[in-house]
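K.L.:
In the order they appear, the protein sequences are chains A and B. Here the working numbering is used: the first residue of the first sequence is 7, the next is one more, and so on. Here the working numbering is used: the first residue of the second sequence is 7, the next is one more, and so on.
Just so you know, these hints were derived from the structure itself, not from any lab. Bear in mind that the values here come from a model prediction, so they are computed numbers and not experimental data. Mixed in with the good hints there might be a few duds.
[Stated by the list, open to error] To list a few chain B residues with every Cβ distance to chain A over 12 Å, as calculated: (1) I31; (2) T61; (3) T72; (4) A74; (5) P86; (6) R93; (7) K102; (8) R114; (9) G146; (10) G160; (11) F165.
[Claimed, not checked] Reference excerpt, derived from the structure (chain A facing chain B, CB under 8 Å, subset only): (12) P13; (13) S17; (14) L69; (15) A110; (16) R143; (17) D144; (18) E147; (19) F151; (20) T153.
Ideal placement from N, C-alpha and C gives every residue a C-beta, glycine not left out.
2 protein chains.
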Amino acid sequence: MSEGSLPLRVSFSGASKGEWRVKQISALRGDALAAQNFVAVAEGRATPPQGAAWTLSGYTSNLRYTTAQERDGLAAIQAPLGRTNARNAALIPIRKSAAWWNLAQDERREIFEDSSRHIAIGLEYLPAVARRLHHCRDVGEPFDFLTWFEFAPGAEAAFDAMVARLRATEEWRYVDREVDIRLVRSQDVEDGQ
Amino acid sequence: MSEGSLPLRVSFSGASKGEWRVKQISALRGDALAAQNFVAVAEGRATPPQGAAWTLSGYTSNLRYTTAQERDGLAAIQAPLGRTNARNAALIPIRKSAAWWNLAQDERREIFEDSSRHIAIGLEYLPAVARRLHHCRDVGEPFDFLTWFEFAPGAEAAFDAMVARLRATEEWRYVDREVDIRLVRSQDVEDGQ
Chain A
7 MSEGSLPLRV
17 SFSGASKGEW
27 RVKQISALRG
37 DALAAQNFVA
47 VAEGRATPPQ
57 GAAWTLSGYT
67 SNLRYTTAQE
77 RDGLAAIQAP
87 LGRTNARNAA
97 LIPIRKSAAW
107 WNLAQDERRE
117 IFEDSSRHIA
127 IGLEYLPAVA
137 RRLHHCRDVG
147 EPFDFLTWFE
157 FAPGAEAAFD
167 AMVARLRATE
177 EWRYVDREVD
187 IRLVRSQDVE
197 DGQ
Chain B
7 MSEGSLPLRV
17 SFSGASKGEW
27 RVKQISALRG
37 DALAAQNFVA
47 VAEGRATPPQ
57 GAAWTLSGYT
67 SNLRYTTAQE
77 RDGLAAIQAP
87 LGRTNARNAA
97 LIPIRKSAAW
107 WNLAQDERRE
117 IFEDSSRHIA
127 IGLEYLPAVA
137 RRLHHCRDVG
147 EPFDFLTWFE
157 FAPGAEAAFD
167 AMVARLRATE
177 EWRYVDREVD
187 IRLVRSQDVE
197 DGQ
């Protein structure tokens, strides 16, 4: 997916059924989300399941910090969502503080990449980890971003290392709420029963 | 208003009554908007008037291109909305092309300011022209931005010059729809009758 294409609205719902079974929900900073056994994903005009305990919605958008050179470096090796061997996923909703949002564009870019190397760190884990970012701060949602990741079971240790490195950055000092939801395809669970 | 504060949702409706009377609606590029006698503005949880011919909605957001130095330069002289002598307003909805949105952040910044001097041109018309930008591309609206301007009647010629200069820039080559709606406070119309 090109992040410059038309925005795609996506909803993630904690519910009693869904395409993804929850392995673990961890509240790393701020309020938790209610434990649920499944996460259902609804794209575009699809509607979230009725009776969901919670639904988080966002939309893909244009690039906000990435330069042309960085974009081309990412595009050369990144993988799409939906790979058949990517049986694991993570949904990581985060919210940043007012102090972050009050910064000007150059100040946020400097923290995001010059200091924290957000893009450079992510690049090291391509193509093993596929990623899609959804924005939601401007539309009254409880989080600012919902990032969705997919990877093969064997890549989960690398994924853990990646998020640990990001959480140690200057950028993450501005994160005031973060939940980490680890998932596995429901089909795999059924196959194992 | 600080653009770093919480996003404010704002709707503008073309209707048979409202706080602002329409002087002129000009479709400069792309499809027009239906002629209406008034524009009603609804902020936050306020609901747009029923029976409106059209309603355009957006939200204020964080700065997308402005540097700290530019922000401070603007903040030193810009004026708020709602000044008693600002009896005139303009609502200018624009949409930019896919070619614009497919550019990376540094490419858009270069066109926006280094080439087109968008911020520098606007700065020349402060504090006479007060301005508030609303974003709406990501949420399925027909335009990408709704910019609202307020100024005294004597500043309209200067305002015309400002928008003419902006429309002559490289940035405006990426604008594929633009409507220019000129307004005067309804109270003034009633006073004159």
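K.L.:
All the hints need checking, so say for each whether the structure fits it.
P.N.:
Going through the hints against the structure:
The beta carbon of I31 (chain B) sits about 27 Å from the closest Cβ of chain A, which is more than 12 Å, so the claim that it is off the interface holds. Every Cβ of chain A is farther than 12 Å from the Cβ of T61 (chain B); the closest lies at roughly 16 Å, confirming the non-interface assignment. With a cut of 12 Å on Cβ distances, T72 (chain B) falls inside the contact zone with chain A, its closest approach being about 6 Å. Not every Cβ of chain A is farther than 12 Å from the Cβ of A74 (chain B); the closest lies at roughly 4 Å, contradicting the non-interface assignment.
Distance check on P86 (chain B): its Cβ is at least 18 Å (rounded) from any Cβ of chain A, clearing the 12 Å threshold; non-interface status holds. The claim that R93 (chain B) lies off the interface holds: its Cβ sits roughly 31 Å from the closest Cβ of chain A, which is beyond the 12 Å cut-off. With a least CB separation of 10 Å from chain A, K102 (chain B) falls inside the 12 Å interface cut-off, contrary to its annotation. Interface exclusion of R114 (chain B) from chain A breaks down, the closest Cβ pair being 8 Å apart, not more than 12 Å.
Some Cβ of chain A comes within 12 Å of the Cβ of G146 (chain B); the nearest lies about 7 Å off, and the non-interface call is violated. No beta-carbon of chain A comes within 12 Å of the beta-carbon of G160 (chain B); the shortest separation is about 32 Å. Non-interface status of F165 (chain B) relative to chain A is upheld: no Cβ of that chain comes within 12 Å, the nearest being about 26 Å off. The beta carbon of P13 (chain A) is positioned within 8 Å of a beta carbon in chain B (closest approach about 4 Å), and the interface hint is therefore held.
The criterion of a C-beta within 8 Å of any C-beta in chain B is not met by S17 (chain A), whose closest approach is roughly 14 Å, and the hint is violated. This hint holds: L69 (chain A) has a C-beta 5 Å from the nearest C-beta of chain B, less than the 8 Å allowed. The closest approach between the C-beta of A110 (chain A) and any C-beta of chain B is roughly 4 Å, which is under the 8 Å cut-off, so the hint is satisfied. At a threshold of 8 Å, the smallest CB-CB gap from R143 (chain A) to chain B is about 7 Å, leaving the interface hint in force.
Hint status for D144 (chain A) relative to chain B: holds, with the closest Cβ pair at about 4 Å, below 8 Å. Using the Cβ-Cβ criterion of 8 Å, the hint placing E147 (chain A) at the interface with chain B is not satisfied: the shortest such distance is roughly 10 Å. Annotation: F151 (chain A) was flagged as interfacial toward chain B, and the flag is violated, the nearest CB pair being 13 Å apart, outside 8 Å. Interface restraint check for T153 (chain A): the shortest CB-CB distance to chain B comes to about 16 Å, outside 8 Å, so the restraint is violated.
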